[in-house]
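Undergrad: Chain residues, written in single-letter form:
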Amino acid sequence: MNPLLDLSGVTVTVPSAEGPRRLLDGIDLSLAPGEALGLVGESGSGKSMTMRAVTRLLPRGAAVSGAVRYDGAEVLAMDAGALRRYRDHEVGLVFQDPRAHINPTRRIGAFLVEALVRNRGVGKREALARAAAVLAEVGIDDPQRRLRQYPHEVSGGMLQRVMIASVLLAEPRLILADEPTTALDVTIQREVVTILDRLRRERGMGMVFITHDLDLALAVCGRVAVMYAGRIVEVRTAAGLHERAAHPYTLGLLGSRPSIDARSARLEAVPGRPIAAYEAGAGCAFAPRCLFAMEACDRTAPPLRAFDDGLVRCSRVEEIHAARTEATA
Amino acid sequence: MNAGNAGNAVEVRGLNKHFKAHHAVVDVDFDVPAGGSLGIVGESGSGKTTIARMLVGLERPSSGTIEVMGRDRSAPARGAKERGRRARELQIVFQDPYTSLDPSQSARAAVEEVLRHHGRDLSLTQELVDQVGLTERQASARPRDLSGGQRQRVAIARALAASPKVLILDEAVSALDVSIQAQVLNLLTDIRAQTGIAYLLISHDLAVVRQLCDTVLVLRRGRVVEQGDCATVLDAPAQEYTRALREAVPVPGWAVTA
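Heads up: the sequence lines are chains D and W, in that order. For the record, in the first sequence the residue sitting at position 299 is 299 according to full-length UniProt numbering, with numbers rising by one throughout. For the record, in the second sequence the residue sitting at position 27 is 27 according to full-length UniProt numbering, with numbers rising by one throughout.
I should point out that these hints are in silico values taken from the structure, not numbers from a laboratory. As the structure is a computational prediction, the values presented were derived from the model and not from experiment. No residue lacks a Cβ here, since even glycine has one placed at the ideal position from N, Cα and C. Check before you lean on any hint, since a few could be wrong.
Derived, one-sided and incomplete: chain D residues facing chain W with beta-carbon distance under 10 Å [stated by the list, open to error]: (1) HIS212; (2) VAL270; (3) PRO271.
The calculated label-pair distances, taken between Cβ atoms and stated as ranges, are [to be verified]: (4) ARG324/D with ALA109/W: 44 to 50 Å; (5) ALA170/D with PRO76/W: 51 to 57 Å; (6) GLN149/D with ASP102/W: 40 to 46 Å; (7) PRO59/D with VAL251/W: 32 to 38 Å; (8) PRO33/D with ALA109/W: 55 to 61 Å.
Covered stretches of chain W (in silico footprint by chain D; criterion: 3 or more residues with CB under 8 Å from a CB of chain D, positions within the stretch not fixed) [to be verified]: (9) 175–183; (10) 239–247.
With the sequences and hints as input, model every part of the structure.
TA: This is the structure in structure tokens:
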């Protein structure tokens, strides 16, 4: 099957007072129609910038190279009209803070029907009926009453469902969700991701789910890509990543997270702090924090290559894997 | 729970807080044993932060008693001497290390200020800086030149400078990247083992509570849902709400397998 979304060698550099800064360094990523892909990383890893490259919503003065293909079309080469159609009809965005992305002075109904009425020429009455139907689909009781309410009258979890409903009204084939549940309570998080997942399956939409929470990505997505310093360092199925993570950074992330089932005497903390792409040296960006790093790791940046049914960016992955397998045997 | 047990660092009985018609905290009782660690878990609006604010004296209880190290602090402190004594009993570290530090003050200066205020020896500064794992360069840097994890270490060092018996950690690791969060959790575990300080951790994250706490209290809409040993409450929750919280924690293959 042809990919719905395909990124190859996407590199983004932004200007700063100290000169150009690289934020993404050769992102290769592919999403099949209807697939849910998790994009996981810490601060500065470039996960949100990757999403902005996909929609070409980049900071002023940013330089992009590489290719972003949506359904075969080159997004980076689209003219204004094609780009608008792509953004309006094909891609739905869900952000962390719904309150920052909704006009607080307008009723929820007016917000939901705006795009339908203005971009699609749907009549207002028909648009309101569709909006009410979609609100019911995202599990909102009494949609007629909600349409008349203002954003401040509903909870954060409810408003995030409204945002998801607004995305669904455009009937996109691709959803980009950037930390969509990070600001929500855990019980509400569960409801929201369950709704997102059900609708994605029913409608066959592809989804890139961006999160700092590896556990959540593993729970929600079929496949997960781990980012570090503006690069993809590992890609694997969720089950594969959970059981057989291979990159030292992924192993570090898994070891860093306390378990709800037992207290460990010490967490296997990764020393140092996460860095951005422009802070990385010539070699492997993770090498300064890596317990397995050797001199060569500081000199040459390893490519992303196939290993154990996944992709891993580490020169020593075979040795590390062998040593770990031996240790646990 | 043993009322009046001399082994408790914190004893809270019948605690209530009303904000006009809103009943934010309702009849809450709990203890933190000396050197112990209690996690208060709850979602938005559970009242967990209101409880922390009453413990440090930022809010006044509507009714009920709060004792820290056997001394009542249900009413505001009278005079500088009493405030100083309360500060040596209990300190707090907030969630956001970006807003809780003085932007013009290095870690070293922040720690020295607190040591001086409490009449402690300034030579303890280096010990505290080392204890929280800050390098020389980081200890001399302004907050804006430090990362989130480093700033949180500064906030912890500053709190420890008062040599408190109890440290409230109000979502103190929630905003940190996971690799940094692990470092700070290890640091907090070490500090408790070394100093015998008691923790009261306010958190929405059950796994963090399990890692750092001996006992846990589950709070919902201002009321205690259940409390007890971490292992008991989290492994075999007696209440439906605790079960729901527990099941809402994402695990692989939890909502879906694609």
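Undergrad: All the hints need checking, so say for each whether the structure fits it.
TA: So, going through the hints one by one against the coordinates:
1. A cut of 10 Å between beta carbons decides the hint on HIS212/D: the least distance to chain W is about 7 Å, and the hint holds.
2. Of the supplied interface hints, the one on VAL270/D holds, with its beta-carbon coming within about 4 Å of a beta-carbon of chain W, less than 10 Å.
3. Hint on PRO271/D holds. Least Cβ distance to chain W is approximately 8 Å, under the 10 Å limit.
4. For the pair ARG324/D and ALA109/W, the beta carbons lie near 45 Å from each other, so the given range of 44 to 50 Å is met.
5. ALA170/D and PRO76/W have their C-beta atoms about 55 Å apart, which keeps the hinted 51 to 57 Å range intact.
6. Taken as a hint, the range 40 to 46 Å holds for the pair GLN149/D and ASP102/W, whose Cβ atoms sit roughly 42 Å apart.
7. Between PRO59/D and VAL251/W the Cβ separation comes to about 36 Å, which falls inside the hinted range of 32 to 38 Å.
8. Between PRO33/D and ALA109/W the Cβ separation comes to about 58 Å, which falls inside the hinted range of 55 to 61 Å.
9. With 7 residues carrying a beta carbon less than 8 Å from a beta carbon of chain D, the region 175–183 of chain W meets the three-residue requirement, and the given coverage holds.
10. Beta-carbon proximity to chain D at under 8 Å applies to 4 residues in the region 239–247 of chain W; the threshold of 3 is reached and the given coverage holds.
In this structure, every one of the numbered hints holds.
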